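Novice: Taken in sequence, the protein lines are chains H and Z.
Under this note's numbering, the first residue of the first sequence carries the number 163, and numbering increases by one thereafter.
Under this note's numbering, the first residue of the second sequence carries the number 163, and numbering increases by one thereafter.
These are calculated hints, taken from the structure and not from any lab test.
The model shown is predicted, which means the values in this text are computed figures rather than measured ones.
Any given hint might turn out to be false.
The list treats identical chains as one, so a pair stands whether inside a single copy or across any two.
Listed below are the simulated DSS-like cross-link pairs for lysine-lysine, each with C-alpha atoms no more than 30 Å apart in a straight line [said to hold, decoys possible]:
(1) K319 - K226
(2) K181 - K191
(3) K222 - K184
(4) K347 - K266
Number of protein chains: 2
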Amino acid sequence: MRNNLEQLILAMYEKDIIKFGKFTLKSGKESFVYVDLRTTISYPDIYRDICDILSDYIQKQQLKFDRLLGIPYSALTFASSIAYKDNVPMLLKRKEAKAYGTKKLLEGEYHANDVCLLIEDVVTTGGSSIESLEVLAEHNIKVTDLVCLVDRQGSAKQNLQAHHCTLHSMITLTQILDILLSHNKINHTQYQQAVTVITED
Amino acid sequence: MRNNLEQLILAMYEKDIIKFGKFTLKSGKESFVYVDLRTTISYPDIYRDICDILSDYIQKQQLKFDRLLGIPYSALTFASSIAYKDNVPMLLKRKEAKAYGTKKLLEGEYHANDVCLLIEDVVTTGGSSIESLEVLAEHNIKVTDLVCLVDRQGSAKQNLQAHHCTLHSMITLTQILDILLSHNKINHTQYQQAVTVITED
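Extracted from the complex, chain H is given alone in its bound form:
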């Protein structure tokens, strides 16, 4: 975890991107903390920080890939900015097949055995990442790495590993909670409630 991540987390808390309350996750599970990156698009400073953090990581780790794919919608916006900034080719996976025209779920140009780097906003179990990985596999495109901003510390790491894909997260949910607690943004009760759900996984 890097220093500018701490500032980003505090900014995200101020803008209600990290929320406390009672939420139902995609998995049906209840959670006391929700990281909702969908509104980041409206806060240029936060949006650019996220794109820069992901882009810097990809470059410093020297991840090798032929195509970049951001899972819609938040990570699709991040990937589009990274592609522009770093001059790299993208692919795009629609959330639904197109009803007219050339009817493709996967958009873009590619070759067999291309390696595609996945970008995700938040991972919990890695379900939607694995779904994308499987669509790419059907097109003979390999996925060896996935870079995400937040790992909610569900079973994503192990689940992706079972698909020979390494999870790279910029920050974990526990690290986010630690930062917010140390800055007195949340109290010990909120911290414990939120942490309990993580450790139950």
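Given the coordinates of chain H, assemble chain Z onto it according to the supplied hints.
Specialist: Using the frame of chain H, we list chain Z on its own:
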């Protein structure tokens, strides 16, 4: 039309982004030329040129807006790159309502009476642009201008004007055909076939 647009059009023709043949458009109408910007994401030079041309136009015209919205999927990727590059806040309209979580068709943060600038890849009748404009109107967000790369010269300009929205296109389909003909990329038969459909509108 600017000079670098000519080079962009030739590059798009080489990469099969501008295709000749027989195609059925979204409207059900037949066409002999298809401008398929969906694969531009895989060609960084073309992708960056498009984003830069749109961004330069927005700045030179000094278009006033509070939020930027790119209609999915191609123009969503362009808007994401422009937002990153020019430090402007975005909104995002999903193609479908989300089935879980906070269930919104429109994502992002905004205020009543905000002005949103729409970005589109190709317009023909302006149907999907007007659909987006209406969703925004339901949220008390105004749309006064739409910037697109290609105007297929259907009825988009008039249809958008009826919604008090000005269409700004970087290039028309006729201009594209003129460029390709002058560079001997298409013959007179292909030119005439393609032009006839435009003038029929």
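Novice: How would you classify K181 and K191 at a CA-CA limit of 30 Å: within, between, both, or neither?
Specialist: within (16 Å within a copy, 48 Å between copies)
Novice: Cα distance capped at 30 Å. Does K222 pair with K184 within a copy, between copies, both, or neither?
Specialist: neither (37 Å within a copy, 47 Å between copies)
Novice: What label fits K347 with K266 when the C-alpha limit is 30 Å: within, between, both, or neither?
Specialist: between (45 Å within a copy, 27 Å between copies)
Novice: Reference check for the pair K319 and K226, CA-CA at most 30 Å: within, between, both, or neither?
Specialist: within (20 Å within a copy, 45 Å between copies)
The structure fails hint 3 only (numbered hints given earlier).
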